[in-house]
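Enquirer: First to last, the sequence lines map onto chains A and B.
Using this note's numbering, the first residue of the first sequence is number 1, and each one after it goes up by one.
Using this note's numbering, the first residue of the second sequence is number 1, and each one after it goes up by one.
A hint or two may mislead.
Unchecked claim - Pair by pair, the computed Cβ-Cβ distance ranges are:
{"id": "1", "chain 1": "A", "residue 1": "Ser-55", "chain 2": "B", "residue 2": "Glu-189", "range": "56 to 64 Å"}
{"id": "2", "chain 1": "B", "residue 1": "Met-80", "chain 2": "A", "residue 2": "Asn-322", "range": "50 to 58 Å"}
{"id": "3", "chain 1": "A", "residue 1": "Ala-529", "chain 2": "B", "residue 2": "Lys-207", "range": "52 to 60 Å"}
{"id": "4", "chain 1": "B", "residue 1": "Lys-207", "chain 2": "A", "residue 2": "Ser-349", "range": "29 to 37 Å"}
{"id": "5", "chain 1": "A", "residue 1": "Pro-608", "chain 2": "B", "residue 2": "Met-80", "range": "41 to 49 Å"}
Just so you know, the hints here were simulated from the structure itself, not pulled from any lab data.
Every residue gets a Cβ at the ideal spot worked out from N, C-alpha and C, and that includes glycine.
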Amino acid sequence: MRSVSLGLLFIVLSSLVFFADAQVTISGKVKDRKKPVAGVNIVLKDTYDGATSDSLGRFSFKTSEKGDFVLAASYVGYNAFEQKIKIGDDAITIDIVLKEEVTELNAVTVTAGTFEASDKKKAATVLDPIDVVTTASANGDITGALKTLPGAQQVGESEGLFVRGGTAAETKTFIDGTLVNNFFYSSLPNIATFSRFSPFIFKGTVFSTGGYSALYGQGLSSALILESIDLPERSSANVGISMLNLSGGIQQLSKNKKSSWGISYAYTDLSLAFAVIKQQQDYTKVPSYHNADANFRVKTSNTGMLKYYGYMSHNKLAFTVNSIDSIGYLDKFAQKNTNFYHNLSWRESLGRRWKIYTGISYTNNKDDIKSGMQDEAKNDVLLGGLEFKTFAAENKGNYFNAKLVLEKRLKGLSALRFGSEYNYTNDKLLFTAYDNQQFPANLKENINSIFAEGDIYVTRLLAAKIGARMEHSSILDKTNIAPRFSVAYKLSKTAQASLAYGVFYQDPERRYLPSRSALNYMKATHYIAQYQKVANNQSFRTEVFYKKYEDLIKTSAANGVETAINNNGFGEAKGIEFFWRDKKTIKTLDYWISYSYLDTERDYLNFPSAITPNYVAKHTGSVVVKKFVQKWKMNLNAAYNYNSGRPYYHIGYDTASSVYKFNDRGMIPDYHNVSFSINYLPFIGKKNPKSYTVWVMQVSNIFNIRQSYGYQYSYNGFRKQEIVPPSRMFVFIGCFISFGIDRSDEVMNNAL
Amino acid sequence: MLVLVSVLASFAQTNEKFVKAMEQKLVGYDSVRSNEGLQEVANSFERIAEAEKIQWLPYYYAALSNVNLGFNYAIAAGPMGGNADKVDPLADKAEKLLNKAEELSKDNSEIYVVKKLIASLRMLGDVMNRYMTYGPVAAEALATAKKLNPENPRVYVLEGSDLFNTPEEYGGNKAEAKLRLEEALRKFEAFKPESSIHPTWGMGQAKYFLSQIK
């Protein structure tokens, strides 16, 4: 036995000596296409043997193994490298070439025409959702913040986004993929209304000022693509009180964090504000709004998410203004609006790199408008020749939109998307004239669309997005095919250049439909070139664009009513835009500057010739500044908006020659607006606060600068009157309290 | 008989080889601070982990080393953190390694400590935008680590260092930090690692922060 053990020991010892002698050195160099790579883990698979490459990419290690092995090399950001080697008695030298891994973070993204303000993981963020509420000139409105970006006009007399020479109707809004009708409160004469939805229900915003994806259509100029939040971080309750409204709501997150629900209600009444701040209008019914919303969100699986958002609003107002048509009399306007909006969306991974995105939305909107004239004692009157000013209009709209998108991820980041969209519109209008004669009208429109789009990554540095969309409209009974193409090239780690081209079709506006003349789609073609550089907390971008309009609607008033007669309208827009945002240079100071130059003319509707439309300014710019002062626990925000003078026109129909003519035209002065807001966060510095209170004070047009939006004319064109904002300066003071965690935290976090 | 002996011997030998290799890498582990050094140990532990495949500790140390390397990059951008482009891939890598460790050892307080560090690292990559997302994730992981083993001194080191590093305006508190760190030192005195290669780190950090408070 002893001899056996001794023998074993001998064998063990001798083998140790043998192996020690027979260690083989494996060495070499690691590089990528250009330079050596340091820190690479080189390993002889299934053994402990290996090394880490040094700053020159060199590595070297010894091994006692013999035979066939796999030498592997790995490093963050590179594809894994493997090579079979045979270890004999001789030293092995091996040079390793690693390939850079393609990820969403280091790859180029196709960005021409779009501002992304969402994906928190991406450093390329231009605007955070929270930026909306801390932009002094935005009044807490999403579109208000977007108007400080290049591409959008500062139009103060009506709502909507006027993008690169396009009308507000040329911008379409989508929530979770589906079209939103009545995104804004119903239009009022010479007063811009707000968008209906709170910025806090959205986690992502993509504002495309041109060249947008084939997944979207029916907008000649622009698409505003909003993505609602998924599950909230935790349960919370909120109450708010301000000089305009009272609000309250709760968000409940389930214990397993797989689902949530929430409801909120707000009552808005402008009596107090209008008592303090004098309005141009004399209100007989001060605007009041009941708004309620409800939501639920369910994580249907690890990758699936089902979301519902429902909204209802009821609001009323009535006012009079001095009539321009008859001195000493008043124009009366009253509006009642009820709006319901529902949105249900679902997304899920289907396996094998397939994904489904689907959603439906339904809107039910009712507007009651009463118009008339009154004498100075506020008695209704009917004046000879002005009977047309007395009428009632009841407009009931039912809108339904459904969309299905399938996505197949291909190799790397390449992907293929395709799907279809269905849009149903049903507008019922009942017009009652002064003599109680009734004119009912009904418009039903079905648009069926199919689309396909491919993201093609040629290399990590070069990507293209190629797509096409086909639409069929039941009312036009025509089909269009719209190609879209964009390409982006990464110039350096932080800079990239992109080009975009696309054709866009849109139905004529609803009020010109149905038409006795056969009408076609209106068409726009976009050409965009972009350069952008995004480094740590600084971003710069510039775009030049050319947009060609064809087949715009032309109108005639031959029978006394303006009706669409053909698609002979046309136009073009060109310009250059700059954007600079810097959060880095000065600590706790965040600012951005944007500038847009726009040169556009169009001949459409009743224009006697191609002219620059009245909503267009040649030069538009904004400076937005946000500063957090820790000592005062305050966020100080300021914004300056500017645009050069806009043209105004009075166009009249000359019955003798049966053509439209300019009766008057001119330019309004430049527009300046300086806004200021303070957020006061008294809970900062408190230990474990149970509730978070945010005080907000906002003043728009703080220097009380005179602002003009153009002119309106009497029906006969003999008199004109300047269109001005309802009040020069506006002040808002409010207090918002939340229990649990929420907005105030975001505000604070933003300021950090 | 001879066959059995040699099989047992070889098993004991591999285990011994594993422990030896680990011990060797753990010598002076606490004092590795440089990027190159951390990369080197991270790689070494990963090699051992992937060769063994059934041991959670090398995965754990590989994850921890990647996290520490990430913190180096984040802090290099300034006291408020940054460098998300460098930090994120390291956090991803650490998470992958830690997930493998967790598959091998469930409900492990030490693993939750590293989970907390990964969340804090991601947050530090871009504090402005990520405070809301990763702040609660980090807090929850640390709470779980504490629940799983209230005697784990590293839990108190992290509680203390968080309170120390956070500005007072945002809930930081030096006095409170001091109490936690002192608690950590008491826990260290009582703490007996399961083996020579189980985690022991943290005492140096606790002492360092305490020295900064006094």
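Enquirer: Against each hint, give a clear statement of whether it holds in the structure.
Expert: Structure-based check of all given hints:
no.	hint	result
1	Ser-55(A) / Glu-189(B): 56 to 64 Å	violated (42 Å)
2	Met-80(B) / Asn-322(A): 50 to 58 Å	holds (57 Å)
3	Ala-529(A) / Lys-207(B): 52 to 60 Å	holds (59 Å)
4	Lys-207(B) / Ser-349(A): 29 to 37 Å	violated (48 Å)
5	Pro-608(A) / Met-80(B): 41 to 49 Å	violated (60 Å)
In terms of the numbered hints stated before, the structure departs from hints 1, 4 and 5, listed from lowest to highest.
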